[in-house]
Amino acid sequence: MLKLDDVSVFYGRVPAVRALSLEVAEGEIVSLVGPNGAGKTTTLLAIVGVLRRIRGTIEFEGESLKGRTPEQIVRSGIALVPEGRRIFADMTVEENLLVASSARRDRGAIHGEIDGLCERFAALGTYRHTVAGKLSGGEQQQLAIARALLAQPRLLLLDEPSLGLAPKLVEGMFALLRDLRERGVTILLVEQYAAQAVAVADRSYVLRSGALEISGTREELAGSDVLAKAYFGGVEDAA
Amino acid sequence: MTEILQTAINATSSGGFYALVAIGVALIFSIMRMVNFAHGELIMAGGYLLLVLAGVPLLLAVLIMILAVVLLAVIIERVAIRPVRGANPATLMITSYAISYLMQNLVLLTVGGEPRSVAVSRHLLKPIEIGSLNVRLIDLITIATAILMIGGLSVLSRRSLGGQQMRAAAQDFTMARLCGVRADRIVAVTFGVSGFLAAIAAVLLVAQTGVLNTTMGQTPVLLAFVATVLGGMGSLSGAAVGGFLLGAATILLQTYLPREVADYRDAILFSLVIAVLLVRPNGLIAGRAPVTRV
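Residue numbers (my numbering), protein chains in the order written: chain E, 806 to 1044; chain S, 295 to 588.
Worth flagging that the hints you see were computed from the coordinates, not collected in a lab. Note that the structure is predicted; figures quoted are calculated from it, not measured. Each hint should be verified, as a subset may be incorrect.
Stated by the list, open to error - Here are some of the chain E residues that sit facing chain S, going by a computed Cβ distance under 7 Å: (1) Val855; (2) Leu856; (3) Arg857; (4) Ile859; (5) Glu876; (6) Val879; (7) Leu885; (8) Phe893; (9) Asp895; (10) Glu900; (11) Ser907.
Claimed, not checked - List of simulated lysine to aspartate or glutamate pairs, EDC-like, C-alpha gap at most 20 Å: (12) E:Lys871 x S:Asp478; (13) E:Lys939 x E:Glu899; (14) E:Lys808 x E:Glu899; (15) E:Lys939 x S:Asp466; (16) E:Lys939 x E:Glu868.
Said to hold, decoys possible - Short, incomplete list of chain E residues facing chain S, as computed with Cβ under 7 Å: (17) Arg891; (18) Leu903; (19) Val904; (20) Ala905; (21) Ala908.
Positions of the beta carbon are idealized from the N, C-alpha and C atoms, including for glycine.
Go ahead and model the full structure; you've got the sequences and the hints to work with.
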């Protein structure tokens, strides 16, 4: 479904990601983990067209995304839940969701769908007409996810969705990802919370300093110390 | 009492005018982080278009002029600004200066440099008596127009998808694009709306003064820029409030300053602005725009 082939992403002359190849098949949950500065966010931003200085090819459903703008890429079926959520803090929850439906053609269906999301994410229903900046971190995360879902993505990219959430909310978050997959959404998940991300994902890629360290299925990575070593350079997993 | 009311009406009219100009400048700043000095030349262009259209029935002339100025604003964005969009604020500001001088010189070459007079309608300037008040129709029209425009914009920005997209883009342009907001389109629409406000300002200004010259838009826009800083850069309501206060203060100072210091009106006005900014460096209503030095 998504295929990165030998992709390097540049900030100025310096590549933040070097020669990364990665694949996500339809229906999978794939995680991209690694320490701070490994190039995880850079990779996601390159996929959605925000970062344009790229070498190599990125293909989605067999078509190259080269030269496409973020607004075109979201229309082709990829939505991003960005790092730090980036909700529109001065606008109400409902306004956030309406803006998020910009990519949709079937405008008639939007209001019903927003009603549905407000039921599914109870906090959004409660605060529907409240300015989004007043929501708690967990509620804002729900809003960021609901916003991405309104684009009706076939592939959902999430950048550190667990960051800043209480452990209990993190569990809910991962349960939600499994639920979304049941509904046919393919997921590429970026996390620093490596253990949980690797456990929820079918396959994982471990990045370090902009390059692929190892990759493998949950079974291959679970229980081995390969992951811990590659990831932390031998230091025990503190999470 | 009569005199106070009289002054209040004049101050409100002047404040309303500057609020409209300031919103035109602030709209583009909020989306692009660009201080658009060429806004003044859109006003100027609108004025000269009324001169060209002299003889056409007034309402029709105004309508044609508004359409032309909106179109001009959109063309300027497409030709001159889109190629440098995303450049640093200094580049954007210099670009807007370049457009501004280009337009002034185009008018110098085609129409000439001497001031021209254009009479929109003499009725507008004639004082009408309401009780013991002598009010010029143009002041009432200016006040009504400002209320209508600001009210309309605020409803549109909340209720229409375009308005919501514009506010989203103002807060986080990239995130808005990730939500599917088309960057080119939203910027073009913003310039169009800003051009519309410039055209309205042109009608009001020309009706008020009856004089055209190539630099007629500079002073209002400079004051509008100060107003957006005063109100809080990036905040539209801040711009409206700042513009209103500055415009109103101009009239109040003019009316109540003792004759000996009246010549220093602008110096006193801007001293007041500095004083306010010393107390509230982010403006009266702080916007969300990251503070950058320009």
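Do the hints match the structure? See the list:
{"no.": "1", "hint": "Val855", "result": "holds, 6 Å"}
{"no.": "2", "hint": "Leu856", "result": "violated, 10 Å"}
{"no.": "3", "hint": "Arg857", "result": "violated, 11 Å"}
{"no.": "4", "hint": "Ile859", "result": "violated, 16 Å"}
{"no.": "5", "hint": "Glu876", "result": "holds, 5 Å"}
{"no.": "6", "hint": "Val879", "result": "holds, 5 Å"}
{"no.": "7", "hint": "Leu885", "result": "holds, 6 Å"}
{"no.": "8", "hint": "Phe893", "result": "holds, 5 Å"}
{"no.": "9", "hint": "Asp895", "result": "holds, 6 Å"}
{"no.": "10", "hint": "Glu900", "result": "holds, 5 Å"}
{"no.": "11", "hint": "Ser907", "result": "holds, 4 Å"}
{"no.": "12", "hint": "E:Lys871 x S:Asp478", "result": "holds, 18 Å"}
{"no.": "13", "hint": "E:Lys939 x E:Glu899", "result": "holds, 13 Å"}
{"no.": "14", "hint": "E:Lys808 x E:Glu899", "result": "violated, 34 Å"}
{"no.": "15", "hint": "E:Lys939 x S:Asp466", "result": "holds, 17 Å"}
{"no.": "16", "hint": "E:Lys939 x E:Glu868", "result": "violated, 40 Å"}
{"no.": "17", "hint": "Arg891", "result": "holds, 4 Å"}
{"no.": "18", "hint": "Leu903", "result": "holds, 6 Å"}
{"no.": "19", "hint": "Val904", "result": "holds, 4 Å"}
{"no.": "20", "hint": "Ala905", "result": "holds, 5 Å"}
{"no.": "21", "hint": "Ala908", "result": "holds, 3 Å"}
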